[in-house]
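Which chain is which? The protein sequence lines are V and G, in order.
Going by my numbering, the first sequence opens with residue 954, and the numbers climb by one from there.
Going by my numbering, the second sequence opens with residue 30, and the numbers climb by one from there.
There's no promise every hint is true.
Straight line, CA to CA, 20 angstroms or less: simulated SDA-like cross-link-like pairs of lysine to any residue [stated by the list, open to error]:
(1) V:Lys1063 - V:Thr1037
(2) V:Lys979 - V:Thr1017
(3) G:Lys40 - V:Arg994
(4) V:Lys979 - G:Gly71
Derived by calculation from the structure, the hints in this document are not laboratory data.
Below are the chains, spelled out letter by letter.
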Amino acid sequence: SQQGEEDPQALSIQEGENATMNCSYKTSINNLQWYRQNSGRGLVHLILIRSNEREKHSGRLRVTLDTSKKSSSLLITASRAADTASYFCATDTRNNNDMRFGAGTRLTVKP
Amino acid sequence: DARVTQTPRHKVTEMGQEVTMRCQPILGHNTVFWYRQTMMQGLELLAYFRNRAPLDDSGMPKDRFSAEMPDATLATLKIQPSEPRDSAVYFCASGFSTDSYSYEQYFGPGTRLTVT
Chain V
954 SQQGEEDPQA LSIQEGENAT MNCSYKTSIN NLQWYRQNSG RGLVHLILIR SNEREKHSGR
1014 LRVTLDTSKK SSSLLITASR AADTASYFCA TDTRNNNDMR FGAGTRLTVK P
Chain G
30 DARVTQTPRH KVTEMGQEVT MRCQPILGHN TVFWYRQTMM QGLELLAYFR NRAPLDDSGM
90 PKDRFSAEMP DATLATLKIQ PSEPRDSAVY FCASGFSTDS YSYEQYFGPG TRLTVT
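For reference, chain V alone in the conformation it holds in the complex (with noise of 0.2 angstroms):
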């Protein structure tokens, strides 16, 4: 079963925007992380945040967490028509230890 939820389901900007995805849990979580899908490829990821932490900066990535809210985002700076991808959010879930991702937001940066 899916822990994570995305939200949206799709986003579409332009070049140079931001792009800001949502991420909502259900259980305690160890850690939470962030990874990114190119069409027809594997996941890599992106960025791993831990529970205790709040905020994460990696280049042009920023992610945030709130456990009390079970939630988390990611925010793309100055987005590049080489962002457009799938993106996911995975969490280590602290009562099974496994990793459980979600349905993923598809974002299309726009040349």
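Since the structure of chain V is already known, use the hints to place chain G on it.
What follows is chain G alone, placed relative to chain V:
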């Protein structure tokens, strides 16, 4: 540049045939995951192993699917007999985990399976 490898990359087979997919995890990783991805169901966890021991295969149809790790360098996923509804992309991923914590996963390129 270490990466997860999967074979075959593409497989077309007829209903009722056996399908075997192979995965070579990254050396040093102790955890291997098998996922199935379809448009309708998204990314589903089928099974995962830690230190070659199966930890969870509850996502796998037991009557036709089986997953094994004969050694630390090879994980296999078998479907016997295959059915058209098994058509999907199957991903293997490896990473490092403990009893209480999982780190990032590294995905292979996937096996695209078509069952006619």
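Right, here's what the structure says about each hint:
Taken as a hint, the V:Lys1063 and V:Thr1037 pair is honoured in the structure, with Cα atoms around 8 angstroms apart against an allowance of 20 angstroms. Restraint check for V:Lys979 and V:Thr1017: the C-alpha separation of about 17 angstroms stays at or below 20 angstroms, so the hint holds. A hinted pair counts as satisfied when its Cα atoms are at most 20 angstroms apart, and G:Lys40 with V:Arg994 qualifies at roughly 16 angstroms. Our distance criterion of 20 angstroms between C-alpha atoms is met by V:Lys979 and G:Gly71, whose separation comes to about 18 angstroms.
In the structure shown, no violation is registered for any of the earlier numbered hints.
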